[in-house]
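Position chain G against the provided structure of chain X, taking the given hints into account.
Below are the chains, spelled out letter by letter.
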Amino acid sequence: MAGKIRIRAQQQGDYTEVKALMRHPMETGLRKDQAGEPIPAHFIEEVTVTHKGNVVMHAYWGAAVSANPFLGIQFEGGAPGDEVAVVWTDNKGETGEGTTKIR
Amino acid sequence: MNHSIQSAGMARRNFLRLGAFVAATAMLPAKLLAAMVRPADAFTATGLDSTFAQIGGIPELHDGIIFSTPDIAENGAVVPVKVEIDGNKLPKVDKIYVMVEKNPNPLSAMFNVPAGTKPYVETRVKVAQTCNLYAVVDVDGKLYMAAKETKVTLGGCGG
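If you read the sequences in order, they're chains X and G. Just so you know, we're using this note's numbering here: the first sequence kicks off at 1 and counts up by one. Just so you know, we're using this note's numbering here: the second sequence kicks off at 1 and counts up by one.
Chain G on its own, in the form it takes in the complex:
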């Protein structure tokens, strides 16, 4: 008796979960399905170590990542960052993360790179105070990074 009630409940839950999953993914392009979950916990993690933990561990330094940020940023609210990959040294990059060590939440942006797209992104981020910026890439679940310090003369939090 008890058993059948439980399994009915479980079946219903599973059904609901499936329904939510189908609804959430129906609009998304099939190619990217595997990567299409916003890593909410990584975006709200505080501190670099817990952010790394959320995305799967501490990345290894790799010289195939060409990470460009200004040495000195006059305005921390708008700091240009560019991540390029040397495809000979590091092929098949499928995710790129940009992190700012001393921001309240280090993870600024995460990019899913489909096949045929260069693992290359340019954007601008806020940097609260002088610290290291990190470009982290995911190659088949393995994480690699490049770090670069940017000195901020005016903070990034609108101050």
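This is chain X alone, in the form it adopts within the complex:
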């Protein structure tokens, strides 16, 4: 279920604003389905944002981040046209990624 990530990176004066929306159920493992069976935990554990290959943000997440997670960050040193990428890995080893260019 490698998910695409929707990203927008916009230059705002001296910093770049990155907004990313990931597709992921972010199951806590504490919920039960309609039959009363527990739904196994399934959540993004690690997210990395890079600018031209350099890490500009790195996060560890728990299952309490909302489903279809949103992440907004700001970093310095970017310029329009530069590539920004976001990559995630979840607790089942699945990954998702997306790239965009700074506008």
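Each hint can be trusted.
Partner residues aside, some chain X positions facing chain G, computed with beta carbon under 7 Å: (1) Gly72; (2) Glu76; (3) Gly77.
In silico BS3-like cross-links for lysine-lysine, where the CA-CA straight-line distance does not exceed 25 Å: (4) Lys4(X) to Lys82(G); (5) Lys19(X) to Lys82(G); (6) Lys19(X) to Lys148(G); (7) Lys148(G) to Lys118(G); (8) Lys101(X) to Lys118(G); (9) Lys102(G) to Lys32(X); (10) Lys95(G) to Lys52(X); (11) Lys92(G) to Lys19(X); (12) Lys19(X) to Lys118(G); (13) Lys52(X) to Lys92(G); (14) Lys52(X) to Lys101(X); (15) Lys118(G) to Lys52(X); (16) Lys95(G) to Lys19(X).
Calculated directly from the structure, the hints in this document are not laboratory data. All C-beta atoms in this analysis are idealised placements derived from N, C-alpha and C, irrespective of residue type, glycine included.
This is chain G only, laid out in the frame that chain X set:
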């Protein structure tokens, strides 16, 4: 005799440990190596106090942390949170934690902030019930926090 067996075993263990360490870190960017261990025990800690204990102690309240959460969340499953830092009051923040006091595991997210990145994050978290949310920051091993209550009218556990 006994001694040499022991040291061979230890050398092997150390070697294996080193191998695992190299394998685990080889893919990671060198800049972040120091911070690159998922604090698994902090994520599974229950209760705010033990979560604080896992990350290094009880943070001090600090007005350099600007923590925005809604006063009232209609849907606890999607509560926007924003952590900003006043760099004049609190420079060199290198980690940001978001915690929800009454969730089964309070620690929701931890962010490693490299130099050159603003200590600023926006995300959305689940809040099981009305309680305090905490933004905790790490500055060179010292912990500071800001707290804010969010009232939840519909729970965050899909209920």
